[in-house]
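Model the full structure from these sequences, guided by the hints.
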Amino acid sequence: MRLGLVIDLDVCVGCHACAIACKEWNASGTTAPLTDYQPYGAEPSGVWFNRIRSYEVGEYPNNKTINFPMSCMHCEDADCVTVCPTGASYKRAEDGIVLVDQNKCMGCNYCSWACPYGARELDRESGTMKKCTLCVDRIYDLQIPIEERQPACVLTCPAHARMFGDLDDPGSAVSSVVRERGGYQLMPELGYNPTNHYLPVRTAKPIPTENLGKPGFKDKIKGIANRIVKR
Amino acid sequence: MHPAFSVIFFTVSSGAGFGLFTLLYLMDLFGLDGGLPVEQKLIAGILALVLVAAGLTSSMFHLANPKNAWRAFSRFRTSWLSREGVFAMAFYPFAIIYLGLTWLVLPELEVLRLMAGALATLLAWITLFSTGMIYGCLKTIRQWNSPLVPANYLALGHFSGALLLLAVASNGQVALTGYVTLVLALLVVAASLKAIYYFWIASPGTGSTIKTATGFTRGTVRLLDTGHTHGTFLTQEFGFQVARKFSLTLKTCVFLAGFVIPALILTVGGSAAITIYAAVLTALLGMVAERWLFFAEARHVVNLYHGAQHC
Ligand code: SF4
Ligand code: SF4
Ligand code: SF4
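Chains R and P supply the protein sequences, listed in that same order.
For the first sequence, the positions run 19 to 249 when the numbering used here is used.
For the second sequence, the positions run 57 to 367 when the numbering used here is used.
There's no promise every hint is true.
In the PhoX-like style, the derived pairs of lysine-lysine whose C-alpha atoms are separated by at most 25 Å in a straight line are [stated by the list, open to error]: (1) Lys123(P) <-> Lys82(R); (2) Lys267(P) <-> Lys122(R); (3) Lys236(R) <-> Lys248(R); (4) Lys195(P) <-> Lys109(R); (5) Lys223(R) <-> Lys236(R); (6) Lys109(R) <-> Lys267(P); (7) Lys267(P) <-> Lys223(R); (8) Lys123(P) <-> Lys195(P); (9) Lys238(R) <-> Lys248(R); (10) Lys122(R) <-> Lys109(R).
Derived DEER-like restraints, expressed as beta-carbon distance ranges [claimed, not checked]: (11) Ile152(P) <-> Asp54(R): 46 to 52 Å; (12) Thr273(P) <-> Ser46(R): 26 to 32 Å; (13) Pro203(P) <-> Asp187(R): 37 to 43 Å; (14) Thr134(P) <-> Tyr158(R): 24 to 30 Å; (15) Asp95(R) <-> Val244(P): 37 to 43 Å; (16) Arg220(R) <-> Pro260(P): 44 to 50 Å; (17) Pro203(P) <-> Lys82(R): 50 to 56 Å.
Computed from the model, here is a short list of chain P residues facing chain R with C-beta under 10 Å [claimed, not checked]: (18) Pro122; (19) Trp126; (20) Ala128; (21) Ser130; (22) Gly141; (23) Met145; (24) Leu194; (25) Ile266; (26) Phe289; (27) Gln292; (28) Thr308; (29) Leu360; (30) Tyr361.
Calculated from the structure, these hints are not laboratory results.
From the three backbone atoms N, C-alpha and C, an ideal C-beta is built for every residue, glycine too.
What follows is the structure, given as structure tokens:
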């Protein structure tokens, strides 16, 4: 088994709900707490497993904003694990999840240096390294309904931009969507072979903004209505 | 990378210690300039052990959770950081046997003394190499992921070791020509390797870019929003950047203080203890500047996600 996420960049709206749900779940999960520094102060900062960045791709008018959530990719060839001197970082043989044993970590930061994706963050309070657990304490929980046995971020995403499943199984929903939509890995040249895949933005015609021609009958009615109705 | 003082001190100090020990042993074995008196050998040997110990202790200050530090010896099969610790620890017993027998001067145990010294020297070399590989093995940092990095660590460790050996020899009533020549020879090697390294990292090459990082390979990619308000672990650890001008100035300082001025002092300055100390001190300051720059100039690929176009 090779559990991981597939993130659909075409529909992610950058709402940060996944990051909040992640924080909410994991603040009391196996690697809890996720310490905040100055949460109500002038310079709020803290430990997060999931961060969403936004990029602008292309030049106006053929440009597009793409929201880009990132968490641990649970890489197949995870250097973060091999460089760890204490054995605190490990990759589970049964499902490929990469975890940090909080009882063994000495907080040397070395694994975070080896991670290309910025997935590891040191918790200054506990002095240990923390990272996405793929909600390992939830996906196997037999006490909750089967459809809820998914990472918190996947469950919460209002746009259904996040999918969870076994990328080793060619018949799984995540594997087929990666095949169909040309899902890709980030920085493949580094050779980490990340499990998480990203689905590219679908190509769409740009919405014209200039030389729109004369307004038709429908547009005239709309214009009149707009003038009559006070907002 | 954020240039943490503890790690700079650790690498410079333990590098010099290991370099000093290996050169002390080789000079002892081959009897350079008739060999050092026992007292000088002991001073040099103890200085080496102290420098290594100080370096390792300082690296402990870098840990956020030092109570688990003992576990760092457990993963020597995969981790260079672990190997560094294991080999450094293995070095000590042999080095202590060698120095102890040097102190006791027992002709019947001379073979044992030299064998212990040889093993300690071998372990010192492996440890120095491992220190370099801690950085050299990281694919995420272009400026480090090069065979020049362990080569530089070995060369600079031996160069600073040779300087210290000269400093110790200079108050031992022995001929110094051999020791000065040794320093100058290692200086040329270390300076050439450093020059090649600076030349090598100057051009970005064909590494990762913001496009391979995001997968948006068809157009320009610009960061709009980092998604955090006031910095994160990632910006603190990897966001550090030196201005180009400042790094050029500092490189000049590394070469002037580290190599040029000591070379001038040692060739034309005479062999009074005070001039030798001046040369050694200047060179060691140059080494600290070199190490600071080694960290400060390293650009981790995570910066691509924070808007850097290439690293
Ligand atoms: S994303 Fe980083 S932390 Fe996660 S497995 Fe890959 S290298 Fe390790
Ligand atoms: S910070 Fe912890 S998990 Fe990371 S390399 Fe060091 S000991 Fe291992
Ligand atoms: S919750 Fe879904 S839509 Fe919102 S940022 Fe996360 S992945 Fe994107």
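For each hint, the structure was consulted:
| no. | hint | verdict |
| --- | --- | --- |
| 1 | Lys123(P) <-> Lys82(R) | 49 Å, violated |
| 2 | Lys267(P) <-> Lys122(R) | 36 Å, violated |
| 3 | Lys236(R) <-> Lys248(R) | 20 Å, holds |
| 4 | Lys195(P) <-> Lys109(R) | 19 Å, holds |
| 5 | Lys223(R) <-> Lys236(R) | 23 Å, holds |
| 6 | Lys109(R) <-> Lys267(P) | 28 Å, violated |
| 7 | Lys267(P) <-> Lys223(R) | 22 Å, holds |
| 8 | Lys123(P) <-> Lys195(P) | 29 Å, violated |
| 9 | Lys238(R) <-> Lys248(R) | 17 Å, holds |
| 10 | Lys122(R) <-> Lys109(R) | 15 Å, holds |
| 11 | Ile152(P) <-> Asp54(R): 46 to 52 Å | 48 Å, holds |
| 12 | Thr273(P) <-> Ser46(R): 26 to 32 Å | 40 Å, violated |
| 13 | Pro203(P) <-> Asp187(R): 37 to 43 Å | 40 Å, holds |
| 14 | Thr134(P) <-> Tyr158(R): 24 to 30 Å | 27 Å, holds |
| 15 | Asp95(R) <-> Val244(P): 37 to 43 Å | 40 Å, holds |
| 16 | Arg220(R) <-> Pro260(P): 44 to 50 Å | 32 Å, violated |
| 17 | Pro203(P) <-> Lys82(R): 50 to 56 Å | 42 Å, violated |
| 18 | Pro122 | 7 Å, holds |
| 19 | Trp126 | 9 Å, holds |
| 20 | Ala128 | 4 Å, holds |
| 21 | Ser130 | 5 Å, holds |
| 22 | Gly141 | 7 Å, holds |
| 23 | Met145 | 13 Å, violated |
| 24 | Leu194 | 6 Å, holds |
| 25 | Ile266 | 8 Å, holds |
| 26 | Phe289 | 4 Å, holds |
| 27 | Gln292 | 9 Å, holds |
| 28 | Thr308 | 28 Å, violated |
| 29 | Leu360 | 8 Å, holds |
| 30 | Tyr361 | 6 Å, holds |
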